[in-house]
Each structure stands twice: as C-alpha cells, then as structure tokens.
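The whole structure should be built from the sequences, with the hints applied where relevant.
Note that the protein sequences, when read in sequence, are chains A and B.
Here the first sequence stands for residues 1 to 422, where the numbers follow the UniProt record's numbering.
Here the second sequence stands for residues 1 to 422, where the numbers follow the UniProt record's numbering.
Calculated directly from the structure, the hints in this document are not laboratory data.
Some hints here could point you the wrong way.
Note that the list lumps identical chains together, so a pair holds whenever it fits in one copy or between two copies.
Unchecked claim - Only pairs whose alpha carbons sit at most 35 Å apart, straight line, appear in this in silico DSBU-like list of lysine-lysine:
hint : residue 1 : residue 2
1    : K93       : K287
2    : K238      : K414
3    : K416      : K285
4    : K291      : K349
5    : K404      : K310
6    : K85       : K409
7    : K404      : K349
8    : K372      : K409
Chain residues, written in single-letter form:
There are 2 protein chains.
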Amino acid sequence: MARAKSAGTLLYAQSGGVTAVINATASGVISEARARGVKVLAARNGILGALREELVDTSKESAAAIAGLAQTPGGAFGSCRYKLKSLEADRAKYERLLQVLQAHDVRYFLYNGGNDSADTAWKVSQLAREFGYPLTCIGVPKTIDNDLAVTDTCPGFGSAAKYTAVSVREAALDVAAMAETSTKVFVYEAMGRHAGWLAAAAGLAGQSPDDAPQVILFPERAYDEAAFLAQVDKVVKKIGWCVVVASEGIRDKDGRFVADAGGGKDAFGHTQLGGVSSYLAGKVKDKLGYKVHWTLPDYLQRSARHIASKTDWEQAQAVGKAAVQYALKGMNAVMPVIVRTSSAPYRWKIEPAPLHKVANHEKTMPAGFIRKDGFGITARAREYLEPLIRGEAPLAYGRDGLPKYVTLKNVAVKKKLPAWEG
Amino acid sequence: MARAKSAGTLLYAQSGGVTAVINATASGVISEARARGVKVLAARNGILGALREELVDTSKESAAAIAGLAQTPGGAFGSCRYKLKSLEADRAKYERLLQVLQAHDVRYFLYNGGNDSADTAWKVSQLAREFGYPLTCIGVPKTIDNDLAVTDTCPGFGSAAKYTAVSVREAALDVAAMAETSTKVFVYEAMGRHAGWLAAAAGLAGQSPDDAPQVILFPERAYDEAAFLAQVDKVVKKIGWCVVVASEGIRDKDGRFVADAGGGKDAFGHTQLGGVSSYLAGKVKDKLGYKVHWTLPDYLQRSARHIASKTDWEQAQAVGKAAVQYALKGMNAVMPVIVRTSSAPYRWKIEPAPLHKVANHEKTMPAGFIRKDGFGITARAREYLEPLIRGEAPLAYGRDGLPKYVTLKNVAVKKKLPAWEG
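Spelled out as structure tokens, the structure:
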C-alpha cells in the first residue's frame with residue numbers, strides 16, 4: 001500500500017445520520033488518495049474522534065476491504081451528531097482540532113456530511129488561514145434529506161428514495177390483494193422532518209392518481225384531518241383500498257408536529273412513542289372504520305444498501321474521488337456538488353462549489369413539485385426524481401444469503417497529544 | 001395458448017395473507033397446466049370468488065405475463081381471509097362451491113394457503129366424493145408464518161426470513177455507527193403471532209452473541225420485563241449499542257400479548273395503535289434512559305420481492321408445478337410438501353402428503369432452536385434456517401428504477417349460475 005509522505009496526509013470524517021452509500025464515498029476517497037500516494041486517516045465517530053485524537057490508519061486495510069466498503073451501508077468509522085458552534089463560542093474546540101491535524105501532519109481535511117458539516121469545514125478552513133497552517137478543507141455532500149443547497153441532489157437520498165418507491169409499490173400489491181376482506185388502508189411513514197423529498201419519492205411507485213400511493217402528505221402543506229380523511233374515503237370507495245405515505249414532519253395549520261400528537265405519556269406516565277403513521281392509522285380506524293395497517297421503516301430506509309440506487313451509488317463514489325482531486329489541487333473550502341446537465345437523457349457531472357454557499361442555505365422542495373390538491377407529485381417532480389433511483393447498485397452476496405458487508409480493522413493511530421479536556 | 005378441453009379445467013385460488021412468492025406458485029401452476037393442455041381458471045379474492053362465481057380466465061394472459069407473475073409479490077387474483085367452518089355448519093357454502101365447480105366443468109381444485117386452506121380443500125374433497133362429483137383437490141402450501149405441519153418449510157417464509165435478516169444486519173450497521181452520540185438501542189418487530197420463526201431468522205444476521213441482533217424475544221418464551229431490560233443494558237454497557245428483535249406475538253407470564261399493553265385508547269378515547277416494538281422502545285427509554293429507535297416493517301416484510309430468497313422462490317414454483325402434476329394423476333386430497341433430504345449441502349425435493357395431516361396440525365418452533373438464556377438462536381436453528389434464505393431470486397428492473405411487476409388482465413369468466421345469496 002502506498003504511503004508517500006511527500007503528498008501529505010488526509011483526514012476523513014463522517015458526520016450526522018448515515019446512509020446506504022456514505023461508505024461508498026469513503027471508498028472513493030481512500031481509493032483515489034491511494035492512487036495518488038496520499039495517506040488517509042479517518043476519525044472515529046466523526047468530528048468527535050478528531051477532537052479526541054481517535055484516528056485510524058486506513059492504510060492498514062486491504063484493497064479488497066476498501067472495495068467492499070463501497071457496498072457496505074452504515075458508517076465504517078462511526079459518525080456523530082455533534083455540532084460545533086461559531087468560531088467565537090467554540091474557539092477552544094476549533095483550536096484543538098487544528099492541533100490534532102498539525103500533530104498528524106494533516107494537510108487535507110475532508111468532512112462528509114450535511115449543512116452543519118459544510119459549515120464546520122468552512123470554519124476550520126478560516127481558522128487554519130488565521131493561524132497560517134496550510135490546510136485544504138473540503139466538504140463532501142451526504143444526506144438522505146436531500147436538503148443541501150447548490151448540489152442537484154445529495155448522495156444517500158437516491159437510495160433511500162428507491163427503497164421508498166419500491167417498498168410502497170410492493171406493499172400496495174399486498175393491500176390490493178387483501179382489501180376485499182382485510183386491510184383497506186395502509187399508512188407508510190417516510191423520513192423528512194422539514195422537507196417532503198422522500199415522501200415525494202414514494203410517488204414514483206405509481207403512474208396515475210389511482211395508483212398507490214393515492215395519498216401523500218407533505219410537510220410543505222398543513223395537515224388537515226378532515227381533508228385527509230375525505231380523500232382516503234374517496235379513494236377506498238373508488239378503488240377498494242388506499243395507500244397513504246406521510247412525511248414524519250407533517251404539521252397542522254398551527255405548526256404543531258402531528259407526530260407529537262400521537263405520542264407523549266399515557267395515563268400511567270409511560271412514554272408512548274407515537275409517530276405519524278400510527279397516529280393517522282388510528283384516525284382512519286376511528287373515523288372511517290376501515291381496517292388499517294401501518295409501517296414505520298425508520299432506519300431501514302436509510303441503511304437499505306440491498307436496494308440502493310446505482311445512480312446514487314456512482315455519485316457517492318464520484319464526490320469522494322473529486323474531493324481528493326480538489327484537495328490535492330489546493331482548492332480550499334469547496335464541496336464537490338452534483339450538477340445535472342440534462343434530465344432526458346439524464347446526465348450529470350461533478351463541479352466544485354464554495355462551501356459557504358452550501359453551509360448557509362437549505363434546499364426546500366419546489367412548490368411546483370406538489371400537486372394542486374396537495375396529495376401527490378407533479379410531472380416536474382417525477383422528472384427530477386426518477387433518474388435518481390435508476391439502476392441497481394451492484395452487491396455481492398455470500399453463500400449464507402446475506403450481503404457481503406465488510407468490517408474494517410480500524411487500526412488506531414498512536415496518540416501524540418494530551419487527552420482532550422472537552 | 002393451449003386450451004385442451006379433454007384434460008378438464010383447473011380452478012386455482014389464493015388464501016390468507018399474501019407473500020413475496022405466492023404468485024411464483026401461481027405462475028408454476030399456470031405454466032405447468034398450460035404445458036399439459038389444462039385450462040386454468042382463478043378465483044377472485046380466494047374462496048369468496050369461487051362462492052360468488054367471480055372467476056377469471058388465465059388463458060387470456062400472455063406467456064410473458066405468466067413469466068412476470070413469478071417475480072411479482074402480492075396476490076395477482078386477490079386473496080381473502082374467509083374461513084369455511086365445518087361441513088355441518090357451512091354445508092350450504094360447500095354445496096354452492098361444488099355447484100360453481102360443476103358449472104364450469106372444474107375437475108381440479110388447487111387451494112393455495114395455510115392450515116385453514118388445507119382444511120377447506122380437504123373438506124371440499126370429502127363433499128365431492130359424497131356427491132359423486134369427480135374432483136381432485138390439492139392444497140398448495142403458503143405462509144410466511146412457517147407453521148404448516150409435515151412440510152420442512154413453507155413457501156413465503158424464506159423470503160420474509162431473508163428480508164428480516166438483511167434488514168436487521170443493515171440497521172445494525174447504522175446503529176453501530178451512530179451510537180456514540182445518538183441512538184443506542186434499536187427495536188425491530190417481526191411478524192409471528194404464535195411462533196417465532198421470523199424473529200429466529202433475524203438471528204442469521206449475526207454469528208456471535210455480540211453481533212446484532214443481541215436480543216431476540218420469542219413468543220415461545222414468556223416476556224419478562226426485568227430480564228429483558230437487564231439484558232439490553234448489559235449489551236449496551238459491553239458493546240455500546242444493542243439491536244432487539246421482538247416477535248409481535250410475545251406474551252407475559254400470564255399469557256397477555258405485550259402488543260396489547262402498548263395500544264388501546266388514550267385519555268380522549270382515541271385509538272392508540274401500539275405494537276410490540278414501540279412498547280419495548282418506550283420501556284428502554286423510560287427505564288434505561290437510552291436513546292432508542294424502533295421499526296415496524298409490517299407488510300413490507302412479506303411483500304419484499306426485491307429481496308426474495310432464491311431457495312424460497314424455487315420452492316414456491318416447484319409446489320405449484322407439483323400440484324398440477326398430482327392433480328392430473330388424480331392424487332386427491334394431498335399437498336405437495338418440501339422434504340429436506342440434506343442440510344449440508346442443502347438438498348430438497350417435493351413429495352405428496354395427505355391433506356388431513358397438514359390441516360389439523362400446527363408446526364411450532366423446536367425448543368432446541370432457542371438459546372438457553374432465551375435471547376438468541378442455537379446452532380441447530382441456524383442449520384435449519386440458513387439454507388432457506390440462500391440465493392437471490394432473479395428480478396428484472398425497468399428503466400425507471402422499479403422492479404417490473406406485472407398486472408394481469410384478469411378477464412372475467414361469464415357467470416352461469418344465479419347470484420350467491422351468502
């Protein structure tokens with residue numbers, strides 16, 4: 001394995017909720033860096049590992065392991081939910097971070113995450129400049145929420161979107177077959193606290209308004225119980241059954257999360273973990289009297305590497321490789337983003353975007369993506385979404401019938417600094 | 001398409017909860033019958049369609065559609081939950097059934113379902129004999145519950161088992177990556193009201209007791225809250241996180257379903273749809289204080305054709321073909337069952353079993369399949385289960401990134417009898 005010291009050392013860290021393909025990005029980073037003689041360290045549990053000086057030496061991993069990493073979901077080095085505040089408020093942490101980078105001769109810092117991570121990478125680049133430490137900081141996009149600005153889409157989203165569309169189509173076939181004597185309404189809860197991107201992707205499961213999902217509830221539209229129930233009832237009366245997809249982030253007209261209405265404490269003070277789909281299912285049962293089933297896929301939707309989108313998987317690797325290339329060119333404080341050059345046929349390329357443009361914005365779903373009645377997606381949404389779930393990412397299975405997911409050795413790098421007092 | 005009248009007409013019906021591969025059985029039935037010049041009618045919505053004389057003519061479907069049927073989940077003709085009682089109690093219905101069969105010159109009746117369907121098929125065969133009507137009745141096995149007697153396994157189970165093992169392994173990679181700062185305990189709810197077959201299949205996701213799922217709760221063992229929480233706590237303290245798989249059918253020592261404790265009505269009289277995983281997650285949160293997530297895959301686990309087991313898929317087709325062969329040989333009141341001739345290497349064959357032996361029994365999980373501490377599976381269970389999830393059933397995807405599932409034309413057969421007054 002190449003370990004050319006001349007090219008400097010690169011530190012890679014994962015941040016926030018993991019996806020089916022964030023490790024494909026890691027694999028892209030490591031393989032590209034190896035090809036260029038750059039040593040790659042990875043932080044355990046994201047930025048926390050960088051602060052704690054808990055680093056692993058990826059050169060100890062075989063080429064086969066790094067190839068296998070590209071087909072393994074989760075976060076191979078650990079990720080974290082840990083947000084650094086402003087340079088003023090968290091200055092000691094940023095300085096500690098720089099000390100760790102310096103101690104290990106890190107010249108390239110790649111932070112793989114969403115908005116917050118882009119912001120952190122940008123701040124680290126500012127501080128390094130202030131200290132005169134030669135460091136190139138790159139943000140690498142990732143989030144199933146698809147809410148990053150500038151980039152056309154976010155690695156991780158397409159695979160979760162494919163899981164959603166496929167699962168909803170399959171469940172709909174089940175419900176359609178059973179509706180005569182059993183379940184007539186099925187409710188599927190999609191992730192998306194602020195934007196309805198994954199709920200919208202469920203719309204790809206059908207072509208006409210009569211196809212499932214016949215009702216989609218978006219956080220972009222206020223939840224109206226009467227209108228929702230009327231729509232479900234109309235669909236059941238027409239077709240015999242109805243599949244509902246609800247975004248976890250739907251809110252009523254007063255801005256209250258519907259999910260919170262379904263949970264809370266029961267009469268004995270025990271926690272009731274609600275969620276949107278169970279709440280809506282309860283309403284359908286109580287008010288319409290139909291037999292109802294519901295699902296909460298939760299983490300399954302973001303870790304389902306077995307049904308990952310090939311488009312998404314290729315883009316995840318591409319942003320990883322581009323990040324290394326940009327770093328070696330000294331393109332500081334940028335993020336490789338996905339640019340759509342054509343929808344039909346679908347074509348894309350990777351380009352650098354300034355980190356601060358990504359960091360301080362959030363991409364919401366265009367109003368024109370939601371049907372006028374609020375319960376479905378438009379042709380424009382379909383045109384945007386469909387290429388993102390296209391293709392099936394290659395995946396090797398073992399003789400045991402399970403996907404061949406790799407576990408890295410994650411050999412620790414010897415610490416050089418005193419323990420972090422954070 | 002062959003329509004040889006000489007060989008008689010066959011009626012095929014689906015019953016009970018559908019699976020990822022029951023249509024593969026239907027495809028096996030129809031293709032085998034076509035090859036032998038037998039016309040196949042199918043009942044809409046199972047036995048209800050037979051009673052209502054709502055039949056479809058499968059000869060109107062193209063060869064491509066019947067091939068596509070083998071890779072389509074759900075129930076292509078509709079299924080139903082409708083149990084015929086004893087011959088005495090429901091005699092009028094059984095007689096109506098015979099009238100419909102006679103009116104359409106049906107000489108072979110294939111009923112594809114679980115225990116109840118085997119029982120119904122057996123009773124129909126008895127009544128036909130009594131009336132002197134030449135009818136050959138065949139039960140065709142199907143159930144994700146894996147609780148049919150005589151057969152080594154039930155078509156549908158292996159695919160749901162594969163979905164379960166793969167999903168649990170993927171979710172575990174997610175939780176492991178996030179545990180340092182986020183979710184430490186994840187609860188997965190598996191179907192299985194009476195037996196823990198699917199929960200046991202989750203055990204295939206790991207090899208050692210430290211691998212996920214570290215805790216499995218079986219309906220075969222009484223749920224003990226203190227022991228459960230102690231086990232979860234022990235695992236989190238040792239590994240940092242814990243994945244729990246709970247069978248929906250777990251009960252406390254007094255025989256009460258845990259799922260019922262989680263649901264009921266809230267203070268306002270609204271239905272709270274609970275379930276086992278949300279209930280257990282609430283306990284973990286309240287009593288141990290760990291951040292917890294949970295999933296209820298519900299129908300997704302039995303309709304996930306995209307991750308169907310090749311072994312299961314092949315067996316589903318094989319029982320369909322064998323059913324036609326047995327029917328044409330006049331082997332009345334039998335069911336083609338799967339016989340395991342060897343576990344390593346895994347070998348199986350199809351053999352006929354008397355319907356009444358299947359109808360009046362339920363296969364429970366052997367006590368030797370559950371680990372002594374009650375929280376995992378044994379090597380014996382693994383040896384039994386592992387071959388069943390082996391291989392990936394072929395599946396064609398469209399340019400739109402979705403599996404190519406077929407919709408049949410389901411052309412109605414002209415009715416010949418007065419409407420059913422049932």
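Consistency of the hints with the structure:
no.: 1; hint: K93 - K287; in the structure: between (53 Å within a copy, 34 Å between copies)
no.: 2; hint: K238 - K414; in the structure: between (67 Å within a copy, 24 Å between copies)
no.: 3; hint: K416 - K285; in the structure: neither (62 Å within a copy, 38 Å between copies)
no.: 4; hint: K291 - K349; in the structure: neither (48 Å within a copy, 39 Å between copies)
no.: 5; hint: K404 - K310; in the structure: both (17 Å within a copy, 17 Å between copies)
no.: 6; hint: K85 - K409; in the structure: within (32 Å within a copy, 60 Å between copies)
no.: 7; hint: K404 - K349; in the structure: both (30 Å within a copy, 29 Å between copies)
no.: 8; hint: K372 - K409; in the structure: between (52 Å within a copy, 32 Å between copies)
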